[in-house]
Structure formats: structure tokens, C-alpha cells
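For reference, each letter of the sequence shown is one residue, going 1 to 359 in the UniProt record's numbering.
Worth flagging that the hints you see were computed from the coordinates, not collected in a lab.
In silico DSS-like cross-links for lysine-lysine, where the CA-CA straight-line distance does not exceed 30 Å:
1. 105 - 150
2. 165 - 125
3. 125 - 136
4. 153 - 105
5. 125 - 150
6. 125 - 105
7. 105 - 136
8. 153 - 165
9. 136 - 153
10. 52 - 63
11. 153 - 125
12. 165 - 136
13. 308 - 270
14. 261 - 308
15. 150 - 165
16. 136 - 150
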Amino acid sequence: MAIVEDEVRNESEEENEIGVILAEEEADVGDDPDDSEIESEEDEDEELILEKRVLRLESCIAKNPYNYDEHVELIQTLWGLSSLEPIPILSEWCSWALTVEPAEKAREQLDEVLRRAGADPFSGKIFWDAKLELEKTQLENLSEEDTEYKAQKERVLWCLEETVKRQHEFAVDFLHQISPFEDRLLTTEYAECDSNGILRVVYERASYECGACGAHVYRALATHVRTHSSRATYNRLLAALRRRVPTRALPWDLTMQQAEKEGESFEQIKTIFETALARGMESFSQSEELWLSYLEYLRRISDFNNEKDVDRLRRTFRLAWDTLAELVRVRGNVLAAPAHTDLEQEMLALFSSATSNSS
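Using the sequences and the accompanying hints, generate a full structural model.
Structural data, given as C-alpha cells:
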């Protein structure tokens, strides 16, 4: 019996302790002022909180109007208070513009709408269609005798499409008319053609398509331009040739001849020749042609009674000989050896002619 009484006593004591702990926790919760404020704030209406915040921000802005963060916060708070639905301003504007009189003012209003939203991928087409309907309506109310008929017709898009269509048809008819002449040009001597534009196009095609075999094309074009055009045009052609084929001797040869014809000094022509050497020729035959052209020029301007001119001519002959011989040796071009032998004969003949003139 004593044992049973002890167990009952212990259980009752444990229950009393649990009850005391729960009572203390409830008292602690009720005594915390912060928790009560949080609960009360949560119970308040959200709109009332936003209104209080607006009043607080307005008072802060009135004291310090340069605090832009508070301005932004006030705008965001006011936006949270608003429950307005978005108004389709541009659509209403467009509808109102269609009812405006006269047509000039309506057109101005629609142009303003198109300026603001004409590029919009969703609503832009609606505004453009409205503008088209306005212009069509104005065109239907006019007759061909009215002074505004032509201008109004140009404003309508489908009229512009018809205009473009007529221009296209006219261009096709013109193409059919000139096609026989274009076909005849294929079998005509281009150098005798009167049109410099067509000749230039043909030259461009020939110079690209002929490749290494187009030297006669360049020379024929240069001869034609020199005969039928001004000196400035010929100089521009020579500059174009030097840009197109800088590794060939022909454009540099023609440039030196033109400079000599215009009375340029020896130093200027020598500069042209040195520029050509710096560019480098594409083959031994081109280098040979360039040197022979320069030697011919020196022979023409040399006074064989003047020892300095004769000495300059001899030194240039020796320099040409050594340079071309070195070119054959470095390139190891077996095919260039016969050409070098022919060059030797030409240079000897040229030098003999110069020596006989000096004697």
C-alpha cells in the first residue's frame, strides 16, 4: 500500500509542475509588449498602413526636398495605393482623330500617333490601317478636277504601289529595248566604242578574266584614253593600272613615259622607277622590261658629250646587269637563263648605240 501511495503522489507532483510551467509561459507571452504590437500591426488594414507611410514621406520631403530616395519611395507607395486600370490612350486618341475636322488636323493627329506607336509590333498595324482608311476616304470624296486630287492620290499607299509597278514595267520595257545593243557590244571592238562608261566596264571584266594574258588589254585601253581623253583622265588611268597590276612593268613604263612627256625632272622619274623596283616584279621578263624601259629613257636624255651623263648611263647598265643576274641566281629559274642571254644581246646593242652616239 505504501508503494502505491508513493506512485500516486509522484504523478500528482509531476502534473502540478507541468501546470506551473505552462502558466509561467502564458504570463511571459502576455507581458511582452513587442509581440502585442506586431500582432496589432498585422491586424491593421494594409491600405491604412500605406496611407500613414504616405503622410510620413510627405512630411519628410517637405523638410528635405532633395532626398530623392524618399521621392522614389513615395511614388512606389502611391502606386501601391492606386487600383486604376490602364487606359488605352493611343487607341482612344486614334479613334478621336478620325472624327476631327478638317482632314489636315486629323492627319496631323494620326501622324503624331504613328510617331509614338507606329513601330509597335502589336498595335502599330492598327494605327497604320486607320491612316490608310482616312486617306482613302478623302480620295473618294475628291474628283480628278480638284487641285488636291493628285497630292491626295500620292498619300494613298495602294496608289504608290501602282506607281512603283508602272515604273517597274517601264524599266522592263527599256531593258528589252537596249538588250539588242548589249548583245551587239559583245562582237564589237570595244576600243572604238563611244561610251566611256561601257568601255570602263568591259575593261574591268577583261582585266579580271584575262589574268596574265591581259597586257594587250591594258595597253589598248591606255592608248584609247590617251587619244580621246584629257591628260588628267589619262593620269588617273595610269594610277588605276599601278594599283591593279603593281607587279607588271607596263603601268610603270607608261607612267615614266608620261612623266617625261610632261617635262618632269630626272629625279622624279627615277623615283617612279625605284618605286616600281620596291614593289617587285612578278617574273624575270617583267623585271627585264622595266629595266630596259628605264635604260631607254636614260639613253634619250643623256648628253654623250658630257662625261657625267655617260658615266651615269654606264653605271646604270652595270646595275641592271648585276640585278637581273642576281635575280636569275636567287630564283634558280632555268627558263630565265635564255631570257637573260637575250637581255645581254639587247643591252650590248643598246650600249653600242649609245657609244656610237658619243663618238
